[in-house]
Amino acid sequence: MPEQPKVGRRPVTGEVAAAGALVVIALASLWQTAVIPVSPIYARVGPTLFPQIASWGLLVIAVLLLIQAFRGGFGVEESLSIDWRALAWVAAGLTANVVLIGTLGFVFAAIALFVCVSRGFGSTGLVRDAVIGTIIAFGAYLGFEKLLGVNIGAGILEGLI
Amino acid sequence: MSGSITRRGALAAAGALALAHPARAQAQAQARFESVFMFVPAAPGGGWDSTGRAIEQAARAAGLVGSFQFENVGGGGGMVGLPRFVNQRRGQANAMIVGGSIMLGTGITGKSSVTVRDVQPIARLTSEAGVIVVPAASPFRDFAGLAAALRANPGAVPIGGSVAGGIDHILLGLILRALGQAPRSASYVGFQAGGQNIAAVLGGQVQASISGYSEFAEQIKAGRLRALAISGEARLAGDGADIPTLREQGVDVTLANWRGVFGAPGTTAAQQAALAALMGAVHATPQWQEILRTRGWADAFLAGEAFGRFVERDIADTEAVLKDLGLA
Amino acid sequence: MDTLAALAGGFATALTPTHLMFAFIGCFLGTAVGVLPGIGPALTVALLLPITFQVPATSAFILFAGVYYGAMYGGSTTSILLNTPGESATIITALEGHKMARAGRAGPALATAAIGSFVAGTIATGALTFAAPVVVELALKLGPAEYFSLMVVAFVAVSAVLGASALRGLACLFLGLLLGIVGVDLQTGQPRFTFGMIEFLDGIEVTIVAVGLFAVAETLHLATRRKHGEDEIIPLQGSLWLSREDWARSWKPWLRGAFLGFPFGAIPAGGSELPTFLSYYMEKKLSKNPAEFGHGAIEGVAGPEAANNASAAGVLMPMLTLGLPTSVTAAIMLSAFQSYGIQPGPMLFVTQGDLVWGLIASLYVGNVMLLVLNLPLVGLWVKILKIPTPQLYAGILVFATIGAYGVSNSVVDLLVMYAVGIVGLFMKRYDFPVAPAVIGMILGPLAEQAFRQALTISQGDPFTFITRPISASFLVVALLLAVGPKLWNAYAASRARA
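Chains as they are written, first to last, in the working numbering: chain G, 514 to 674; chain X, 599 to 926; chain V, 1240 to 1737.
Just chain G, with the same shape it has in the complex (with noise of 0.2 Å):
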């Protein structure tokens, strides 16, 4: 092992979480598991000894690393802070283009994306920035459409077209 849990050291709060989460999904798919419904077919293996395996293994190991984390971390260097403005910028961009797709369509949700993530990014130009998604998001968008002939997400835009 490369790694040496430092005895001694006090919990790592991030790591400590992490392996929880994992904790949590490994219990989540022991619950999805346990709902799969059991076939009447005949079957050598059923449905559910693979997923068994997969969870139980994600338990064992995951509770072994949450032991880790508690024990001192798992010898990761320090994270560094978290720049909270830019991840915001970002998650703003994923959730507009999310919402707008289904709505306005794509060409308005890639430039909503495109501007919010440039500005994540530490970009100034606004006017700059939704040019160039505009352009991206156009050309990919025709290119789509008139080339393959998909349709990429119509919308408002796309439907003047």
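Just so you know, these hints were derived from the structure itself, not from any lab.
Among the clues, some could well be false.
Far from chain G by the CB rule (all over 10 Å, computed), these chain V residues [claimed, not checked]: (1) Trp1480; (2) Val1589; (3) Met1608; (4) Pro1615; (5) Arg1736.
Ranges of calculated distance between the beta carbons of each label pair, as one might list FRET restraints [stated by the list, open to error]: (6) X:Gly802 - V:Ala1405: 47 to 55 Å; (7) V:Asp1593 - G:Leu543: 58 to 66 Å; (8) X:Ala735 - V:Ala1711: 42 to 50 Å; (9) X:Ser665 - G:Ala547: 28 to 36 Å; (10) V:Phe1702 - X:Lys921: 29 to 37 Å.
Even glycine gets a Cβ: it sits at the ideal position worked out from N, Cα and C.
Chain G is already provided as a structure; the job is to place chains X and V on it using the hints.
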């Protein structure tokens, strides 16, 4: 090269014929639509998508429809797209959704709240019968041999096909029921699409296999696989005409993978009739006949009331087998 | 010598100006769609199918073959430059390739990928020309029992990508296995891990998860670190071209990748991903500097890239000789054959000799064309990295969106990709390796279904895996790979003591 020239020549000749037929031209004029919205509940490239786009190809070439708008929403054997179509297109007279037998099964197994009963049957267009094959070296010389083995002990005869609960499995279930065995007692081996099923039966990994005729056609012709029975109501025309149907061999089972179109809920009977007339006109175009020929699709045109009754009967049959398999 | 004469005839067909043009268009389109995650050669060929009504068969197939080969090249370009695998077969390429790009060595990474693809593509096409029927008959001898044993070999090989901490690597592997379970079970038709959602019945697309874990997670990760001003991509350094040392380190992986990839293409359950994993494992084991793996080892790009291109040629083998599609793209090309009234199958070489040999010759031509197209483009592609960070990452997310949403029109797919991205952000922060998750997701379902298919066929006899000779020999290989190195070390140590 020569192939395409002949095809185009045939097209032109057929087109000229149509023009010379005044009654048909009149029917086309009545059925004309300014625009049609075609909803495909599958990703581009599959069977439903190519059915929808073939309708476009034939209808536009014949001037029956001004423009087509397509929307593809794939997933869950059509069950992701269907609710979307039902919710968004309610009452829209020019909207159609492509669908078929696979949708019935997934609607039942997925316990979906929106099913094919929520859309209006317009027309069935094509269908493909299933075929039961064994490797050339198999001891089963004919269907009777396989049937005897299945009657004796279904579990001892591993049979391949697509996903469990899919149309191949349903066909096997119907056959077993007809033979007096429980569908669930079969040793059914589900394979992912993409040739695994063909490879398994060619390599003798499974003793028999079920799929649409076109999947196995080449292997049958080359003598590497032996076709024991076909699940259609009648024998195939042309290639494979020597394969007997299940009915001929004393098993009263017919099943085919059909594809067709449905209209939006909340439309009037007159609006549905107009769509049915449109599909009738599309069906009559030489372009459509040409598409059927080149794609190897069997013509199974059935419109209006008769199609509605067919769908109801098919749902009942499918449901019965799926119940037996513990899937409904 | 019949083959050579037929091949010469094929070249006469392929080298006409019209067909060269079709090959060029195909390669170009293929490269373009290969770049987009989620939009692969299968879909492109499907969308180009209507063309079969307008052009002769030979032209259409030359076009399709170009798309197929081109997509393999294009997929690796985005893997290397943007950490956004365009195809599932190029996921492994991203591991070392993107590390190289971040270290200013994007040029050599792209070059070794392009030349490796060319070398492997040419070798595999050569094998296709001369050995196809034999290899295909051998491939048919493999059944589910053999596939399962092969997956066991692959799982052993996965240990090569577990990363520094075996515990965290295993956690990711299990996460991937769980993701692979989502959907309808092939053997019983029961929905699993779908949380009652119809959208999950078909399972989750591997490329969506890969793009979420690689590209979306990386973008989020960089955003969290922005105020520290780090993680800027190191500007390009040195030559864009391969150095003498790069050549020396690349050529063996190219050859090994080619010989690994080709047979896998012919196996109905092989796929193009599996040989890339095995190639990566092999290169890491054989490399003189294994410590470099994980930090941009050129062997880790050269081998897998060669393997995936070779498998692409391998796929054509059962398609042309038996009419047996072993990949989705091949299945769609088959339906294109049918729309010409041509039935691919055992008789194809006899009845449509001109077409088949023209197609095979055009594969050689396409390979050369892709090399010529891609090598000069390396200079252009790497300029992508000069795009200012804000617009670069915004653009990556827009392209990821097109891939996830564009074709399926499903918001659920988009949400899955973003959710996976958020999980990936935590994984990056706490140094969980992402590759095992993707590999688990690909191998898990293959292994599970093969295992259960084999047991149904053997009527429940678990010894089927060791009584079938080919299956047993795969298991022996797996065992040797797992314990062999340890035994060898122990033996060497005991000798040293003596």
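Results for each hint:
Remark: the non-interface label on tryptophan 1480 (chain V) is consistent with the geometry, its nearest Cβ contact in chain G lying 30 Å away (cut-off 10 Å). No beta-carbon of chain G comes within 10 Å of the beta-carbon of valine 1589 (chain V); the shortest separation is about 35 Å. Against the 10 Å criterion, methionine 1608 (chain V) stays outside the reach of chain G, whose nearest CB is about 20 Å from its own CB. Listed as outside the interface, proline 1615 (chain V) is consistent with that label: its C-beta sits roughly 23 Å from the nearest C-beta of chain G, beyond the 10 Å cut-off.
Consistency note on arginine 1736 (chain V): stated as away from chain G, and its beta-carbon is indeed over 10 Å from all of that chain's, at 25 Å minimum. Separation of glycine 802 (chain X) from alanine 1405 (chain V) is about 41 Å and departs from the stated range, judged on CB atoms against 47 to 55 Å. As the Cβ distance of aspartate 1593 (chain V) to leucine 543 (chain G) is approximately 59 Å, the hint placing it in 58 to 66 Å holds. The given range of 42 to 50 Å is broken by alanine 735 (chain X) and alanine 1711 (chain V), whose C-beta atoms sit roughly 24 Å from each other.
Checked against the given bound of 28 to 36 Å, the beta carbons of serine 665 (chain X) and alanine 547 (chain G), roughly 51 Å apart, lie outside it. At roughly 36 Å, the beta-carbon separation of phenylalanine 1702 (chain V) and lysine 921 (chain X) lies within the given 29 to 37 Å, and the hint holds.
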